[in-house]
Amino acid sequence: MNDIQAFLSSTHVFKDVPPEDMAEIAPLFRVEKYAAGEIILRQGGYSDAVYFLRSGRLAARFQRGEWRETVAHLQPPDIFGELSFVTGKPCVCDVEVVFDAEVVCLPKAVIPDLSQQLAKSWLLVQRCLMNVIAGRLQDTVVRGAKVQESPIVLLRNSPHWEAPLSFAAELSRSLKRQTGKETLLINLGSKGNADIHSLGDGANVCDWLPQSTGDALRSDIAQRLTEWRRHFENVVINIPPTNSSSLSGIVKEFVNWQGDLLGPGDPVPQNDKEQKFVVQSAAQPTLPVLSGTQQLIHEAQQSEASFRSGASVTPKFRRTVDSIARALAGLQVGLALGGGAAWGWAHIGVLSILEESGLPIDVISGCSMGSVIGAFRSAGYPVSELIEIATYWKKRTKRFIEWRFWRMCLLNERVLRKTFRQYFGDRPVNSTEIPYWANAVDIQTGKEFSIQDGSLVDCVRASIAMPGLLPPATRGAALLVDAAAMDPVPVDLLRKMGCHYAIAVNAMAAPEAQKVSSRYPFNAFDIMSRCMFILGHEIGQARAEQSANVVFTPMLNDISMLQFSRSQEIIECGMRAAKQNLPMIMAGYERLRASLRGADHLPPRVEATAS
1 MNDIQAFLSS THVFKDVPPE DMAEIAPLFR VEKYAAGEII LRQGGYSDAV YFLRSGRLAA
61 RFQRGEWRET VAHLQPPDIF GELSFVTGKP CVCDVEVVFD AEVVCLPKAV IPDLSQQLAK
121 SWLLVQRCLM NVIAGRLQDT VVRGAKVQES PIVLLRNSPH WEAPLSFAAE LSRSLKRQTG
181 KETLLINLGS KGNADIHSLG DGANVCDWLP QSTGDALRSD IAQRLTEWRR HFENVVINIP
241 PTNSSSLSGI VKEFVNWQGD LLGPGDPVPQ NDKEQKFVVQ SAAQPTLPVL SGTQQLIHEA
301 QQSEASFRSG ASVTPKFRRT VDSIARALAG LQVGLALGGG AAWGWAHIGV LSILEESGLP
361 IDVISGCSMG SVIGAFRSAG YPVSELIEIA TYWKKRTKRF IEWRFWRMCL LNERVLRKTF
421 RQYFGDRPVN STEIPYWANA VDIQTGKEFS IQDGSLVDCV RASIAMPGLL PPATRGAALL
481 VDAAAMDPVP VDLLRKMGCH YAIAVNAMAA PEAQKVSSRY PFNAFDIMSR CMFILGHEIG
541 QARAEQSANV VFTPMLNDIS MLQFSRSQEI IECGMRAAKQ NLPMIMAGYE RLRASLRGAD
601 HLPPRVEATA S
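My numbering numbers the first residue of the sequence shown as 1 and each following residue consecutively.
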């Protein structure tokens with residue numbers, strides 16, 4: 001009975017109850033054991049007990065028709081079944097045993113037979129349970145019903161992976177920084193007796209070489225993980241390449257994230273895990289598409305050597321590690337850059353302010369001129385060079401113009417491609433430093449088309465194919481044109497890439513901010529472009545507001561959408577807009593981070609500022 005009392009006292013439900021009261025409460029409880037795969041509570045059924053998980057791991061799964069979703073994972077010493085127990089309402093989901101579990105429970109059947117003394121203890125238990133239920137309801141209102149689970153990550157190192165030690169260590173440190181939660185790195189299969197010591201930056205590490213095999217090894221790992229999760233919310237399990245195949249098959253059932261770390265030229269392995277990521281050396285990539293959870297990492301070999309010698313890894317290496325850590329934590333940031341011809345120069349100013357603030361940019365999407373700026377930044381061009389490029393081309397855009405209306409285009413495609421090739425060469429979309437997608441519209445089908453592969457030159461060329469300026473770009477059976485009339489600020493692409501916090505920049509100036517000449521005769525091209533940008537602004541704003549966390553538009557005053565020569569002014573407008581909206585952007589991101597730590601950490605809201 002003493003062990004039950006000690007366990008209950010360690011839970012958040014009874015942590016403030018005096019020991020003498022706990023001594024009276026403990027006899028009400030009993031211990032039950034469940035095997036992996038068993039259902040403790042069923043959706044629609046009723047809970048006849050209050051349960052506390054003492055060891056093992058459980059999953060709460062919600063069923064609606066044929067659709068089934070895991071809404072939460074339970075770790076010791078979580079409580080469950082209390083709402084149905086107290087209210088008599090049906091359970092809203094199944095509680096299934098993921099791996100063998102031991103629970104401490106209070107059965108409803110014992111309550112009618114309680115003596116007068118124990119009845120007083122039951123009243124105390126009821127008060128504690130009502131506090132838990134009130135806290136759950138508050139969390140649901142403030143944070144939403146589905147809570148982000150702290151990651152248990154399995155790293156599978158391929159034999160050719162160049163950074164087996166440095167990546168695992170940096171990922172663990174980054175998880176601690178990003179989430180503020182206690183983090184443990186387990187080098188499984190490395191010689192050691194599982195003693196825990198500091199890894200630096202608040203993270204911890206242990207080396208453990210299991211001596212058991214088969215079912216005994218499985219049981220040993222389950223028990224160790226249960227104990228570690230009592231003290232560490234984030235757990236990273238790193239298996240050396242020599243032991244990867246033998247150990248990963250056993251460990252994978254205990255984790256909620258699995259990462260494959262690939263060397264140059266390695267094929268992408270099959271991974272049936274619901275939550276997974278792939279990181280590959282940029283030396284010889286084979287990833288077909290990049291996204292928030294499929295990324296290339298640069299300078300892996302150099303960073304591993306630095307780590308082993310006690311030095312720091314390179315900034316490029318750390319960028320990818322930090323991005324993957326944010327993917328695990330539910331904190332990845334995406335930037336959607338909208339179309340707008342010359343107004344798109346404003347994106348350079350926005351990037352400069354966001355990067356100066358320290359806000360990470362994990363994925364980028366772009367439409368039209370936004371795809372041009374996005375391609376440059378994702379390919380590794382820093383903001384300082386983007387400003388130089390804009391300055392260089394502000395008086396040279398006439399080189400692209402070719403007055404041949406019988407060819408149904410105003411721009412010379414050959415000159416355009418040659419110019420972009422000077423900067424990008426033959427670099428593919430799926431080899432950028434920051435994952436990047438662009439959009440277009442297939443005029444054969446009328447549907448939006450996401451460009452995730454092929455060369456950067458072809459990608460940008462298709463995304464800027466505005467009717468009248470460039471002919472449609474061919475890609476297989478598709479005929480692609482600028483998506484300004486359908487989705488000029490492609491936030492949905494960010495969400496498909498895995499982004500958790502989306503910032504949208506609508507470069508199409510608000511119609512009331514632009515004066516139109518009333519002099520006769522009217523310029524036909526001005527009227528056409530005016531109609532297009534009114535349509536683009538309204539559609540872009542409406543669609544972006546549906547999907548983005550923050551949307552803003554730079555105020556461009558009297559600058560027209562074809563005045564590329566005013567690039568410096570437009571960049572400054574972008575900087576001004578980003579500065580004005582930065583408090584709202586940062587507060588929103590901090591709210592996301594705080595929501596993952598708990599409602600008590602939530603900062604106040606900041607309202608949007610006119611740009």
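Worth flagging that the hints you see were computed from the coordinates, not collected in a lab. What you are looking at is a predicted structure, and each value in this text was computed from that prediction instead of being measured. Glycine residues also receive a C-beta, built at the ideal position from the N, C-alpha and C atoms. Fair warning: there could be bad hints in the mix.
In silico EDC-like links for lysine to aspartate or glutamate, alpha-carbon gap of 20 angstroms or less [unchecked claim]:
1. K108 <-> E69
2. K181 <-> E253
3. K273 <-> E304
4. K496 <-> D94
5. K496 <-> D442
6. K447 <-> E355
7. K276 <-> E304
8. K316 <-> E227
9. K316 <-> E355
10. K15 <-> E233
11. K579 <-> E590
12. K418 <-> D442
Derived CB-CB ranges, DEER-like [said to hold, decoys possible]:
13. I443 <-> R61: 25 to 33 angstroms
14. A587 <-> A109: 46 to 54 angstroms
15. H73 <-> A587: 45 to 53 angstroms
Hint check:
no.	hint	verdict
1	K108 <-> E69	violated, 29 angstroms
2	K181 <-> E253	violated, 23 angstroms
3	K273 <-> E304	violated, 27 angstroms
4	K496 <-> D94	violated, 29 angstroms
5	K496 <-> D442	holds, 19 angstroms
6	K447 <-> E355	violated, 34 angstroms
7	K276 <-> E304	violated, 23 angstroms
8	K316 <-> E227	violated, 35 angstroms
9	K316 <-> E355	holds, 15 angstroms
10	K15 <-> E233	holds, 19 angstroms
11	K579 <-> E590	holds, 17 angstroms
12	K418 <-> D442	violated, 24 angstroms
13	I443 <-> R61: 25 to 33 angstroms	violated, 44 angstroms
14	A587 <-> A109: 46 to 54 angstroms	holds, 50 angstroms
15	H73 <-> A587: 45 to 53 angstroms	violated, 29 angstroms
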